[in-house]
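Okay, here's what each chain looks like letter by letter:
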Amino acid sequence: GQNIDQPTEMTATEGAIVQINCTYQTSGFNGLFWYQQHAGEAPTFLSYNVLDGLEEKGRFSSFLSRSKGYSYLLLKELQMKDSASYLCAGQGTAGNKLTFGGGTRVLVKP
Amino acid sequence: GAVVSQHPSWVICKSGTSVKIECRSLDFQATTMFWYRQFPKQSLMLMATSNEGSKATYEQGVEKDKFLINHASLTLSTLTVTSAHPEDSSFYICSASALAAGVHEQYFGPGTRLTVT
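Which chain is which? The protein sequence lines are A and B, in order. Its first residue numbered -2, the first sequence is counted upward by one per residue in our numbering. Its first residue numbered 41, the second sequence is counted upward by one per residue in our numbering.
A hint or two may mislead.
Simulated crosslink set (SDA-like; lysine to any residue; CA at most 20 Å straight-line) [claimed, not checked]: (1) A:Lys65 x B:Lys81; (2) B:Lys81 x A:Asp2; (3) A:Lys78 x A:Glu6; (4) B:Lys81 x A:Gly99; (5) B:Lys81 x A:Asn18; (6) B:Lys81 x A:Lys54.
Because the hints were derived from the structure by calculation, they are not lab data. All of these numbers come straight from a predicted model, not from anything done at the bench.
Please model the complete structure; the sequences and the hints are all you need to start from.
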């Protein structure tokens, strides 16, 4: 299975930019998902990367380097509602099972 | 589209009783559903993979006789926590897998909060 590592917590100011890094084992890797989860709610899909490079979706962007086993989620123009946990999840080549990282709690301050 | 529901959204039960949680894909068919457990301030831990018409595949350390999974149709999977104990209190989340633009994406249900007293 995948070992997914990401920081536990990050704090940023409203309007700023925050980058959440995620590293994973490259063997048996197919693609990488990012999810947002507010407390007490289910995760919601943010992005999926399978090829190297940057995928941009409005204020959120996600980057993947397959050779380095590295991804990041970039949140721009932070808003208070962006305070949540961000989960990095690797999808293996055997089936469509996901392995989640521990999640990064982002706190946006005024 | 791609809506997944769970029922109940929360449940309180006494120690020793069994609780059934339903997971439904409302507007699509899902041959595969997943069951996760999440403890406070922790990430999602996969419990089992549920395939329609066949036995579920459990992750290491998850007792299959305690967490019974039935995937009776392409839109319904159930998780029964048997002989529940306080340590089973957790947030249980299901997801249903569908192929979208070549990607096996998982759509998550809203979760079920189980409290065992």
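Status of the hints after comparison with the structure:
1. A:Lys65 x B:Lys81: 28 Å, violated
2. B:Lys81 x A:Asp2: Since the Cα atoms of Lys81 of chain B and Asp2 of chain A sit roughly 15 Å apart, the hinted pair holds (cutoff 20 Å).
3. A:Lys78 x A:Glu6: Holds, at about 16 Å.
4. B:Lys81 x A:Gly99: Measuring from Cα to Cα gives roughly 9 Å; hence the hint holds.
5. B:Lys81 x A:Asn18: Satisfied, since the Cα-Cα distance of roughly 19 Å is no more than 20 Å.
6. B:Lys81 x A:Lys54: Not satisfied, since the Cα-Cα distance of roughly 27 Å exceeds 20 Å.
Checked against the numbered hints given earlier, the structure breaks hints 1, 6 and satisfies all the rest.
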